[in-house]
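Engineer: Whenever a hint applies, use it, and build me the whole structure from the sequences.
So the protein lines, in turn, are chains A and B. For the first sequence, our numbering gives the first residue as 147, with consecutive numbering after it. For the second sequence, our numbering gives the first residue as 22, with consecutive numbering after it.
Honestly, the hints are just simulated from the structure, not real lab data. Incorrect hints may appear among the rest.
To give an idea of the interface, some chain B residues facing chain A are shown, with a C-beta separation under 7 Å as derived from the structure [to be verified]:
| no. | residue |
| --- | --- |
| 1 | Ala50 |
| 2 | Val110 |
| 3 | Phe114 |
Below are the DSS-like pairs computed for lysine-lysine, each with C-alpha atoms no more than 27 Å apart in a straight line [what the hints assert, rightly or not]:
| no. | chain 1 | residue 1 | chain 2 | residue 2 |
| --- | --- | --- | --- | --- |
| 4 | A | Lys280 | B | Lys140 |
| 5 | B | Lys184 | B | Lys156 |
| 6 | B | Lys29 | A | Lys174 |
Don't be surprised by glycine CBs; every beta carbon is placed ideally from N, CA and C.
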Amino acid sequence: MAIINLLPDAKAHHKKLKKEPEEDSSVKRLKIFAFILTFLSILTSGGWYSLSAQINARKNEMSLLNKKSSALKTGYNEIEKIKKIKKETEEKLSFYEKILENNILWSKKLSIIGKNISPQVWLTSIHTETAPKKMLVIRGSATSLNESEIIDSISQFVERLKNETVFSSDFSVIKLGPLVSVKKGSLEIMDFSLFCEFKL
Amino acid sequence: MAKIEEHKKTKNIKFIAGIILLLAINAFALSRITALYSDDIKIKSEIIKKTKELSNFPDFPSLKKTANSEISKQDSQIAAIKNNFFSNVEEIFFSLSRFAETNKIGLKAITPSEKNEIKIPDNTDVYVELPITIKFECSYYQLLSFLNNLESLGKTILINKVKIQSNSNNVWEHDIELALKIPLSVKN
Numbered sequence: 147m148a149i150i151n152l153l154p155d156a157k158a159h160h161k162k163l164k165k166e167p168e169e170d171s172s173v174k175r176l177k178i179f180a181f182i183l184t185f186l187s188i189l190t191s192g193g194w195y196s197l198s199a200q201i202n203a204r205k206n207e208m209s210l211l212n213k214k215s216s217a218l219k220t221g222y223n224e225i226e227k228i229k230k231i232k233k234e235t236e237e238k239l240s241f242y243e244k245i246l247e248n249n250i251l252w253s254k255k256l257s258i259i260g261k262n263i264s265p266q267v268w269l270t271s272i273h274t275e276t277a278p279k280k281m282l283v284i285r286g287s288a289t290s291l292n293e294s295e296i297i298d299s300i301s302q303f304v305e306r307l308k309n310e311t312v313f314s315s316d317f318s319v320i321k322l323g324p325l326v327s328v329k330k331g332s333l334e335i336m337d338f339s340l341f342c343e344f345k346l
Numbered sequence: 022m023a024k025i026e027e028h029k030k031t032k033n034i035k036f037i038a039g040i041i042l043l044l045a046i047n048a049f050a051l052s053r054i055t056a057l058y059s060d061d062i063k064i065k066s067e068i069i070k071k072t073k074e075l076s077n078f079p080d081f082p083s084l085k086k087t088a089n090s091e092i093s094k095q096d097s098q099i100a101a102i103k104n105n106f107f108s109n110v111e112e113i114f115f116s117l118s119r120f121a122e123t124n125k126i127g128l129k130a131i132t133p134s135e136k137n138e139i140k141i142p143d144n145t146d147v148y149v150e151l152p153i154t155i156k157f158e159c160s161y162y163q164l165l166s167f168l169n170n171l172e173s174l175g176k177t178i179l180i181n182k183v184k185i186q187s188n189s190n191n192v193w194e195h196d197i198e199l200a201l202k203i204p205l206s207v208k209n
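Structural biologist: What follows is the structure, given as structure tokens:
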């Protein structure tokens, strides 16, 4: 006699029916996870690629800047050389200018001296001295029948010289030295010295 | 049935392997991105620094142009100064005697001394000057005319010392002594 036991089979069948959907959902979850991972992979790869491209662009920019910098450094060295040449040329020019600045136009100075001599005055010597100071020394004498006129004529001569800028411009000080009176017969002669110190 | 089960199992293993691979790819990519990002920040800061550094450099071409034009201006000034120097000693003696003759001055003595050689600051050139002492006898106005002739010659003659002494024998004549320093443009 055949025994038909439907219950366990039914149970078993029921169990099977229940198990299959469970497996499907885990696979589904895995699939979703795989999809997300794939999407993330695409994103990270894209990000990686774009970042690499950006870095390459920046490297190119950096290399251009480096080239520019090296060109500027060459330019800087060149400028330094030119500056050195310029300094040397300036020194050379100032050397020549210094030599020429001591050049005095003596014809003008002597002409002014001659032009401004009073009738009562005559000169005995004009010379330059270097010690103790560089100066022009003018020595002369003056005479007149009128005693006061002698000193006046000397002072006028000195004043006129001081007022002549062409003469006085090269001197820092123009001063009259001691006046010495000498009697020659009935005539009184006064010797004088004028010291004109050159500007340094 | 068993085959189906085995097939499913294999499929699942492959699937899991694929997921693991994807995870590995993501992890690697992320690590690379992090490294690249830090590189990017570094390069970016270098670029900013370099750009700032370059902006501090002056405009070299215009600087060079200005400096060169100043040098050429100074060179031409030096050339103009040197152009007024006597080129040889004979020329100096010739000028002195010519002007003495023009002004009817009898030269008593022309005494040249040793040439002075001075090194110019840039050490490429030497300044040479010839000291000459001249003695003569003439009137004050002959002297003025003689000096005026010398000064109008257009050559550099530096009169270093002047000595005019009245002559006790002749009121109109004076004993003159001039110490000259005459720059020369070339060594003679």
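Engineer: Next, verify each hint and record whether it holds.
Structural biologist: Do the hints match the structure? See the list:
1. Ala50: Holds, because the Cβ-Cβ distance from B:Ala50 to chain A comes to roughly 4 Å (cut-off 7 Å).
2. Val110: With a minimum Cβ separation of about 19 Å from chain A (threshold 7 Å), the hint on B:Val110 is violated.
3. Phe114: Where the cut-off is 7 Å and the nearest Cβ of chain A is about 20 Å from B:Phe114, the hint is violated.
4. A:Lys280 with B:Lys140: It holds: about 25 Å lies between the C-alpha atoms, which stays within 27 Å.
5. B:Lys184 with B:Lys156: Given that 27 Å is the threshold and the Cα spacing comes to 9 Å, the pair holds.
6. B:Lys29 with A:Lys174: Given that 27 Å is the threshold and the Cα spacing comes to 14 Å, the pair holds.
Of the numbered hints given earlier, the model fails hints 2, 3; all others are met.
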